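S.K.: From first to last, the protein sequence lines stand for chains G, B, Y, D, L and Z. So the number in this note's numbering is just where the residue sits in the first sequence, counting from 1, plus 1. So the number in this note's numbering is just where the residue sits in the second sequence, counting from 1, plus 1. So the number in this note's numbering is just where the residue sits in the third sequence, counting from 1, plus 1. So the number in this note's numbering is just where the residue sits in the fourth sequence, counting from 1, plus 1. So the number in this note's numbering is just where the residue sits in the fifth sequence, counting from 1, plus 1. So the number in this note's numbering is just where the residue sits in the sixth sequence, counting from 1, plus 1.
Source of the hints: derived by calculation from the structure; they are not laboratory data. There's no promise every hint is true.
The list treats identical chains as one, so a pair stands whether inside a single copy or across any two.
In silico SDA-like cross-links for lysine to any residue, where the CA-CA straight-line distance does not exceed 25 Å [unchecked claim]: (1) Lys124 to Tyr46; (2) Lys185 to Glu73; (3) Lys141 to Glu204; (4) Lys124 to Asp18; (5) Lys185 to Ser50; (6) Lys141 to Leu97; (7) Lys141 to Leu207; (8) Lys187 to Leu216; (9) Lys219 to Glu73; (10) Lys196 to Ala21; (11) Lys185 to Glu142; (12) Lys76 to Tyr223.
Just so you know, these numbers come straight off a predicted model, no measurement behind them.
There are 6 protein chains.
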Amino acid sequence: MGVVVQNIDRAAPDVIDGLAACGVATVHEAQGRIGLLASYMRPIYRGASIAGSAVTILAPPADNWMLHVAIEQIKPGDVMVLATTSPSDAGYFGDLLATSAQARGCRGLIIDAGVRDVVDLEKMGFPVWSKAICAQGTIKETLGSVNIPVVCAGASVEAGDVIVADDDGVCVVKRAGAAEVLEKAKARVANEEAKRKRLASGELGLDMYQMRERLAEKGLRYV
Amino acid sequence: MGVVVQNIDRAAPDVIDGLAACGVATVHEAQGRIGLLASYMRPIYRGASIAGSAVTILAPPADNWMLHVAIEQIKPGDVMVLATTSPSDAGYFGDLLATSAQARGCRGLIIDAGVRDVVDLEKMGFPVWSKAICAQGTIKETLGSVNIPVVCAGASVEAGDVIVADDDGVCVVKRAGAAEVLEKAKARVANEEAKRKRLASGELGLDMYQMRERLAEKGLRYV
Amino acid sequence: MGVVVQNIDRAAPDVIDGLAACGVATVHEAQGRIGLLASYMRPIYRGASIAGSAVTILAPPADNWMLHVAIEQIKPGDVMVLATTSPSDAGYFGDLLATSAQARGCRGLIIDAGVRDVVDLEKMGFPVWSKAICAQGTIKETLGSVNIPVVCAGASVEAGDVIVADDDGVCVVKRAGAAEVLEKAKARVANEEAKRKRLASGELGLDMYQMRERLAEKGLRYV
Amino acid sequence: MGVVVQNIDRAAPDVIDGLAACGVATVHEAQGRIGLLASYMRPIYRGASIAGSAVTILAPPADNWMLHVAIEQIKPGDVMVLATTSPSDAGYFGDLLATSAQARGCRGLIIDAGVRDVVDLEKMGFPVWSKAICAQGTIKETLGSVNIPVVCAGASVEAGDVIVADDDGVCVVKRAGAAEVLEKAKARVANEEAKRKRLASGELGLDMYQMRERLAEKGLRYV
Amino acid sequence: MGVVVQNIDRAAPDVIDGLAACGVATVHEAQGRIGLLASYMRPIYRGASIAGSAVTILAPPADNWMLHVAIEQIKPGDVMVLATTSPSDAGYFGDLLATSAQARGCRGLIIDAGVRDVVDLEKMGFPVWSKAICAQGTIKETLGSVNIPVVCAGASVEAGDVIVADDDGVCVVKRAGAAEVLEKAKARVANEEAKRKRLASGELGLDMYQMRERLAEKGLRYV
Amino acid sequence: MGVVVQNIDRAAPDVIDGLAACGVATVHEAQGRIGLLASYMRPIYRGASIAGSAVTILAPPADNWMLHVAIEQIKPGDVMVLATTSPSDAGYFGDLLATSAQARGCRGLIIDAGVRDVVDLEKMGFPVWSKAICAQGTIKETLGSVNIPVVCAGASVEAGDVIVADDDGVCVVKRAGAAEVLEKAKARVANEEAKRKRLASGELGLDMYQMRERLAEKGLRYV
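Based on the sequences and whatever the hints tell you, model everything.
M.R.: Okay, here's the thing in structure tokens:
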């Protein structure tokens, strides 16, 4: 505890932006169905879709001091990822911290705890994915750490990993493999467009994916 | 397991549409306060209000194979109802399956599990009531069944039962009694309009429903 | 049980309206971070922001009789606060009761249970903060009480206390101290505006709040 | 609502007792992995292992009147199964009702709600599987039904179905198929004993079940 | 915050002990079915049954400093009741604090948070009813208060109220009415013994409580 | 997915056994209050207290194939740690697998899912800490991995890390630092014994830890 890692590696900006364009569900599939945060992490408003480099924060319950420390470490395009040392739904983050983070170029916050001032955050266009919306105030008494590996909502996140978040949830992509994941994600997007047209025309997935034989082998009976 | 029932009976289309117009709360009351699914089943977007004949699906956890099988069984106006053999919040359903289902005339999905691509689903106007929004991918390995009786979110549903769903939740109406329930629901709607006007004018429910005497008998004291 | 307290004291209208303008997060901070209801209490639609004097209701599970009794006690500007004697997510309140309450000048409902007809309630502009949205009907068989002290969603509420509610949640302000809390809340609002400008210009909270020295004393290490 | 079905069919006593001897996990497997109640249903004390014919009860939230009605319908060897019309954790059942039920030959209670007097129930040897232990009292105001089909903790139960319950949970076996399920369950028990010895001697499941080839085909890599 | 009320009134020792002998379910009924804490409050071991005067504690999340302050205020026969300012499952209390509390004559702890060292606590015979068992350590940084009114697990508790706790849960009895509640509880106990004998002999509650007529009036049908 | 790491490093046996002797709460404190699994992980029976080297398993929901693969990798003294790719409460593990694991010298299982045959497991003395007790059967269709880093119940675990588990929960100690943590844990144990005696004699923590001055500085007021 009490450590701030100042220099972190980040993925290439075009890779990050490419992942944002693909969206969470596609990126998650493209990297082998790993990296999703728990489904209780929900956006405070609909329609935001972002990607950015993780600035990780490990914070005590109901103590938001490390958010101030973390904001100094933000580079434009980053996303803050806050995990707690024990569960809390307190409101660690509101419009003042969002103003400060946004001024540093932060694209959003992923927080396994609570957030408040959600009306203001939506007006500012500062998206947050959180476990709770809660006005409960926090203190500034105990150290945590910044940019160390954390477990946030069931997913392991290291500083500099790419965070992708939209209305489907939040996914983490390991920095080192981000470019490769992007290629696979783009391929899926291209591939899905053709499938979508066929399905829209009435073709069945049973036929398009040639499932009938395997279903019969498994014993599916029509009665 | 591994059974697909192909021919199911459905309620009359005008009965189904009539129930949709009455809405979940009214239909639930009209049939004696039964048939509601658990309140954790929430719409992925606000404002959808549908009714349709249930095509039921029993699926393994995190395995969406049976959705492909079920889509072939859909007739225009149907609603898919998916229950799982053990709890899962995985994202069984997204925009490709919705494209396919919509092409067959499906009006929506009720799923006691997760759904993804919710932005696309809202754009397509394909409503889903689910336990979770979750991007987690699913597999196609294990058989389930289609159009057998299922328990979905605490309610027993048989193929061909009428599903009514809106922002208040989801209600199932037994096919055989659907026309009778519709009559009672229409009577409630008519009756409520008169009550609404009296209440809006300031008349109290205590007086309109003649509650004062019974409250006094029960011992209510004003101090 | 079975008691209706008819005459309750209320805070001054300008104090109540002033608290509404400050919002939940600010009021909660201004009174020393107490008085918040549990974060599971969510608004049925976004954008409502109210304050009012509490008319408290203690009701049995799935029995909404006392709501009718309570509505008679409402004065313009009041907010109903319903607690249950044991947990329930049934739909105690819908558009008819809302019509009646609104006709009496009621500003909203805080209910540690379920609500229904949420589309209609939004159209009417009658806001509700609830534990659940649920169409389940209720009965009128058992007495509860009106305007006695209750515990609602973890917070103690007495009749006449000021309820402040917005998208961040619900906060209760003791009637006797409401004016003083308003003064402190206004001071916070004024103070925050200056901070917001400094943070927006890129100044760090670490500097603005002079946190660096204390962090170092606690042992924070930059690596 | 308000119906008591008086004459129900039951499975043969030796079948019921045979299922009890096999236990929940084995019976559940033997009938194709269906029929389990949700895992939140827990025994109030450890070590009870029963089976019996279901006397079903549908009861309003926090109203235990129908338990009195149901007890009259009990035949020796029966198990009561209580579902509620909307969720409740109130304490529907305690030592007085257990005394009465036990006097009629009832073997236990499965209740998707709360129970109380658990110390006395354990002393009496009257087992209960419940959602909660809760002292909250209930009322006797509203009718429910006895021996109609219910959904209890996610499982569909009809009067006369066989209920099997032990420390692993609760399973329902359809009456009509109970004898066949028992045969399969016994076969599993016999089969498991041989496997247990081989595994105890150090033989691996990988070899005993000949899994290695199929794992390799699926692509398992040892590194 | 930051207040310790030193002198509190307590109920008479024989009243307190009498309530312990009656048990939670009976006391709860005797006082009109109020005062129960939420059913998630469970004993860390079975078989403890206590009553005592409440020493109340309001503590920050994951900060157990106020427990040290509270222990000084304990008189023999007291029970500590800890509520938190926002939810926490951290382990506020373990064997060292229990040793200290027990040395002061404390009979147990009711805590809407976590507890640890449960093996040692059972060996010491120091019972705890808690929301969680959790080893998570706590800090000593922020003030709370002692012997102010708190809301613990949904129940309002004032210092000096009588806490009754056993395997059925936890109930609070207002100090001023405790003697009266004891009288009613004793009457229930006496009354129940006679009922128990009649029920054990096979008499039905339907007859003993003369329910048949009222059930028929409500419309119960036997088929 | 689909990877089995065969050679893992383990901590020294005496270090592992020393950590078991200290217990979860002490070890957790000794390593700076990190490494705890979520408090919903509970032992299936009371009184077990173990430590061992982690053999990690990442498994699909309701698919226990990888447990067979993992058992081959067990060395005497190991503990299996199973995480799932999406949430499941199915019963992955029962008495047959336990027989096999025990024959290989496995000391227990930590599983963020369900377990069954708990009566048999207790008889065998094979302890399990799990999220659920559930008889639901699982399949063997999809690969996972063995001995890769996993997140189990919110904690990051690598193969060979030391798992400590008792009635207070489960804690993971990084292999590399295990010896150092043991030293600190032993020091705590020694230190606590002296404190326990002083507290048992009636000395207050307020005095023993010299808290009074700091409490006064923070503003604690006695009234």
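S.K.: Each of the hints needs a verdict: does it hold here or not?
M.R.: Checked hints:
1. In this assembly of identical chains, Lys124 and Tyr46 lie within 25 Å of each other by CA distance both inside one copy and across copies; the values are 10 Å within and 16 Å between.
2. For a Cα distance limit of 25 Å, the shortest separation of Lys185 from Glu73 qualifies neither inside one copy, at 34 Å, nor across copies, at 30 Å.
3. For the homomeric pair Lys141 and Glu204, the shortest alpha-carbon distance between copies (19 Å) is at most 25 Å, but the shortest distance inside one copy (59 Å) is not.
4. In this homomeric assembly, Lys124 and Asp18 come within 25 Å of each other (Cα to Cα) both inside a single copy, at 23 Å, and across copies, at 23 Å.
5. In the homo-oligomer, the alpha carbons of Lys185 and Ser50 lie at most 25 Å apart inside one protomer (19 Å), although the nearest pairing across protomers, at 38 Å, exceeds that limit.
6. Taking the shortest alpha-carbon separations for Lys141 and Leu97, only the intra-copy value of 15 Å comes in at or below 25 Å, while the best inter-copy value is 28 Å.
7. Taking CA atoms no more than 25 Å apart as the test, Lys141 paired with Leu207 passes between copies only; the shortest distance there is 12 Å, against 57 Å inside one copy.
8. For the identical chains of this complex, Lys187 and Leu216 are neighbours neither inside a copy (30 Å) nor across copies (30 Å), given an alpha-carbon limit of 25 Å.
9. In the homo-oligomer, the alpha carbons of Lys219 and Glu73 lie at most 25 Å apart only across protomers (18 Å), although the nearest pairing inside one protomer, at 58 Å, exceeds that limit.
10. In this assembly of identical chains, the alpha carbons of Lys196 and Ala21 lie at most 25 Å apart only when taken from the same copy (22 Å versus 32 Å across copies).
11. With identical chains, the CA atoms of Lys185 and Glu142 are at most 25 Å apart between copies only, with a shortest distance of 23 Å across copies and 45 Å within one.
12. Within a single copy, Lys76 and Tyr223 get their C-alpha atoms only as close as 59 Å, which misses the 25 Å cut-off; across copies the closest is 17 Å, which meets it.
Hint check: violations occur at hints 2 and 8; the rest are consistent with the structure.
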